[in-house]
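Kindly generate the complete structure, drawing on both the sequences and the hints.
Top line first, the protein sequences correspond to chains B and R. Numbering of the first sequence is given in the numbering used here, commencing with residue 6 and proceeding in unit increments. Numbering of the second sequence is given in the numbering used here, commencing with residue 6 and proceeding in unit increments.
If you're looking for bench data, these hints aren't it; they were derived computationally from the structure. Please note that the accuracy of each hint is not assured.
The list treats identical chains as interchangeable, and a pair is accepted whether it falls inside one copy or across any two copies.
[To be verified] Cross-link-like lysine-lysine pairs, in silico, BS3-like; alpha carbons within 30 Å at most:
id: 1; residue 1: Lys10; residue 2: Lys214
id: 2; residue 1: Lys206; residue 2: Lys10
id: 3; residue 1: Lys157; residue 2: Lys206
id: 4; residue 1: Lys155; residue 2: Lys120
id: 5; residue 1: Lys177; residue 2: Lys10
id: 6; residue 1: Lys157; residue 2: Lys120
id: 7; residue 1: Lys214; residue 2: Lys177
id: 8; residue 1: Lys175; residue 2: Lys157
id: 9; residue 1: Lys120; residue 2: Lys70
id: 10; residue 1: Lys177; residue 2: Lys155
id: 11; residue 1: Lys217; residue 2: Lys103
id: 12; residue 1: Lys175; residue 2: Lys120
id: 13; residue 1: Lys10; residue 2: Lys215
id: 14; residue 1: Lys68; residue 2: Lys120
id: 15; residue 1: Lys206; residue 2: Lys217
id: 16; residue 1: Lys206; residue 2: Lys177
id: 17; residue 1: Lys243; residue 2: Lys155
id: 18; residue 1: Lys103; residue 2: Lys68
id: 19; residue 1: Lys217; residue 2: Lys10
id: 20; residue 1: Lys214; residue 2: Lys175
id: 21; residue 1: Lys175; residue 2: Lys155
id: 22; residue 1: Lys215; residue 2: Lys177
id: 23; residue 1: Lys103; residue 2: Lys70
2 protein chains.
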Amino acid sequence: MKEDKRSVEVCFSPALFANYRNDDSVVVIVDILRATSAIVTAFMNGVNRIIPVGTLEEAIAYKQKGYLVAAERDGIVRDFADFGNSPYNFRREIIAGKDIVYSTTNGTNAIMMAKESYRVVIGAYLNISALVNYIWSEDRDLLIICAGWKDKFSLEDSLFAGALADAVLKNKNFGTVCDSTYASIDLWNLARLDIMGYLEKAAQRHRLKKNKLDDVIGYCHTADLTGIIPVLENNYLKSLNY
Amino acid sequence: MKEDKRSVEVCFSPALFANYRNDDSVVVIVDILRATSAIVTAFMNGVNRIIPVGTLEEAIAYKQKGYLVAAERDGIVRDFADFGNSPYNFRREIIAGKDIVYSTTNGTNAIMMAKESYRVVIGAYLNISALVNYIWSEDRDLLIICAGWKDKFSLEDSLFAGALADAVLKNKNFGTVCDSTYASIDLWNLARLDIMGYLEKAAQRHRLKKNKLDDVIGYCHTADLTGIIPVLENNYLKSLNY
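As structure tokens, this is what we get:
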């Protein structure tokens with residue numbers, strides 16, 4: 006890779022972040038099934054801010070202060086919460102103009118972990134083309150962090166990382182020498198013509214199916230429903246204006 | 006996966022070991038370029054024992070006691086050492102019947118990390134069919150740990166993990182629900198007909214080439230030169246008899 010190029014890297018697990026950390030980069034957080042797809046949907050439906058919190062205790066404390074709270078663990082909505090992790094929860098009539106507190110198994114910790122970076126944004130198929138244009142416009146290094154499942158590698162997040170990296174690298178100002186970026190792109194090219202078929206083998210698909218929560222998988226793999234990019238500002242997510 | 010099957014899992018980085026740890030399993034350590042290929046070669050050439058040590062300080066202490074020492078960092082032989090990390094170093098006339106102390110950037114820490122497991126063995130293309138037969142004969146879960154590069158994902162180790170997992174899963178007593186295992190097998194099937202071509206993009210290939218150490222890449226991807234399986238016993242590696 007020529008040294009004047011912006012680098013593209015993919016981090017397959019939040020537990021590997023220290024090894025890929027690059028505070029000058031734009032960081033895209035990916036948790037396709039379902040946290041980042043749900044967050045993008047919430048902004049599509051007019052939410053004002055989303056406050057990511059790591060622990061259920063923090064989420065409960067916000068609930069007691071009167072906030073709307075989305076909280077799940079292992080895919081299941083917690084009793085005290087108003088919503089779980091399904092994008093279908095975040096309906097306009099309930100959330101428009103509101104602030105929501107959000108705590109999930111994998112996604113929210115990954116968001117807060119990267120907060121020292123130049124910019125942290127939320128990635129999903131729903132906003133993928135907007136992301137590509139935004140990343141090009143920043144002209145900085147790109148680090149894609151897959152939230153995975155309890156710090157393990159996940160196929161559905163890696164496929165998205167490959168889709169995003171492949172698109173970003175079409176711009177010759179960007180380059181990569183990162184093995185996980187190449188692997189992601191190869192997996193994406195294997196899967197892209199039949200994503201649902203490919204994901205038959207993904208562990209998360211089976212977890213969601215077992216809990217009858219797999220109705221969202223097609224929706225979460227739909228490209229370009231919005232141009233909105235949620236961005237971390239201080240300790241909350243808002244819709245990016247750029 | 007049926008619950009009576011033995012599970013196959015792939016851990017893409019030593020930094021993820023805690024998330025995949027399974028002390029009842031056979032663990033295969035993989036550092037194709039070059040540590041595990043070099044270790045297998047040393048046993049092919051009659052080494053008695055290999056003592057893996059994590060730090061250069063430990064390696065120096067052994068050297069002062071009169072041991073033969075292999076020690077490299079970032080691919081480069083250290084001044085005090087008798088050998089680096091190239092399989093070509095371990096010639097029969099120098100090592101037959103001897104004990105060697107071994108410290109590398111990525112491989113040796115991965116070996117010692119898993120020492121509480123039922124059994125830790127050393128994997129390379131050089132002994133892949135012997136490994137498959139051994140794993141089948143144990144009839145236990147299998148965990149393949151890729152040493153990677155400084156805790157990052159590496160293509161060459163993941164391809165080998167895919168080759169080994171693919172072969173082990175031909176036996177229907179074994180099954181997997183592990184996303185990284187599926188990804189490894191898919192990458193292996195993409196690369197298998199032209200491994201050298203595929204590895205053109207691997208970062209480690211470029212590191213070795215830059216240091217003129219890439220002469221071993223073909224050798225390290227040669228299948229079944231031996232039936233020897235190095236195994237961790239107490240704090241050293243010896244040749245497995247089973």
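How the hints compare with the structure:
Taking the closest pair of Cα atoms, lysine 10 and lysine 214 come within 30 Å of each other only across two copies (21 Å); inside a single copy the shortest separation is 42 Å, beyond that limit. Within a single copy, lysine 206 and lysine 10 get their C-alpha atoms only as close as 36 Å, which misses the 30 Å cut-off; across copies the closest is 17 Å, which meets it. For the identical chains of this complex, lysine 157 and lysine 206 are neighbours both inside a copy (15 Å) and across copies (24 Å), given an alpha-carbon limit of 30 Å. Proximity of lysine 155 to lysine 120 under the C-alpha cut-off of 30 Å is found in both arrangements, the shortest distances being 20 Å within a copy and 23 Å between copies.
In this assembly of identical chains, the alpha carbons of lysine 177 and lysine 10 lie at most 30 Å apart only when taken from the same copy (8 Å versus 48 Å across copies). Taking the shortest alpha-carbon separations for lysine 157 and lysine 120, both the intra-copy value of 21 Å and the inter-copy value of 21 Å come in at or below 30 Å. Taking CA atoms no more than 30 Å apart as the test, lysine 214 paired with lysine 177 passes between copies only; the shortest distance there is 25 Å, against 41 Å inside one copy. In this homomeric assembly, lysine 175 and lysine 157 come within 30 Å of each other (Cα to Cα) both inside a single copy, at 29 Å, and across copies, at 24 Å.
Only within a single protomer do lysine 120 and lysine 70 lie at most 30 Å apart by alpha-carbon distance; the minimum there is 25 Å, versus 49 Å between protomers. For the identical chains of this complex, lysine 177 and lysine 155 are inter-copy neighbours only, at 28 Å across copies versus 35 Å inside a copy, given an alpha-carbon limit of 30 Å. In this assembly of identical chains, lysine 217 and lysine 103 lie within 30 Å of each other by CA distance solely inside one copy; the values are 28 Å within and 60 Å between copies. Only within a single protomer do lysine 175 and lysine 120 lie at most 30 Å apart by alpha-carbon distance; the minimum there is 27 Å, versus 45 Å between protomers.
Proximity of lysine 10 to lysine 215 under the C-alpha cut-off of 30 Å is restricted to the inter-copy arrangement: shortest distance 20 Å between copies versus 45 Å within a copy. Taking the shortest alpha-carbon separations for lysine 68 and lysine 120, only the intra-copy value of 24 Å comes in at or below 30 Å, while the best inter-copy value is 45 Å. For the identical chains of this complex, lysine 206 and lysine 217 are intra-copy neighbours only, at 17 Å inside a copy versus 41 Å across copies, given an alpha-carbon limit of 30 Å. When the C-alpha separation of lysine 206 and lysine 177 is checked against a cutoff of 30 Å, the pair qualifies only between copies, where the shortest distance is 17 Å, while the shortest distance within a copy is 34 Å.
In this homomeric assembly, lysine 243 and lysine 155 come within 30 Å of each other (Cα to Cα) only inside a single copy, at 26 Å, whereas the closest approach across copies is 35 Å. Taking the shortest alpha-carbon separations for lysine 103 and lysine 68, only the intra-copy value of 13 Å comes in at or below 30 Å, while the best inter-copy value is 67 Å. With identical chains, the CA atoms of lysine 217 and lysine 10 are at most 30 Å apart between copies only, with a shortest distance of 25 Å across copies and 45 Å within one. Taking the shortest alpha-carbon separations for lysine 214 and lysine 175, only the inter-copy value of 27 Å comes in at or below 30 Å, while the best intra-copy value is 36 Å.
Taking the closest pair of Cα atoms, lysine 175 and lysine 155 come within 30 Å of each other only across two copies (29 Å); inside a single copy the shortest separation is 32 Å, beyond that limit. Taking CA atoms no more than 30 Å apart as the test, lysine 215 paired with lysine 177 passes between copies only; the shortest distance there is 24 Å, against 43 Å inside one copy. Within a single copy, lysine 103 and lysine 70 get their C-alpha atoms as close as 14 Å, which meets the 30 Å cut-off; across copies the closest is 70 Å, which misses it.
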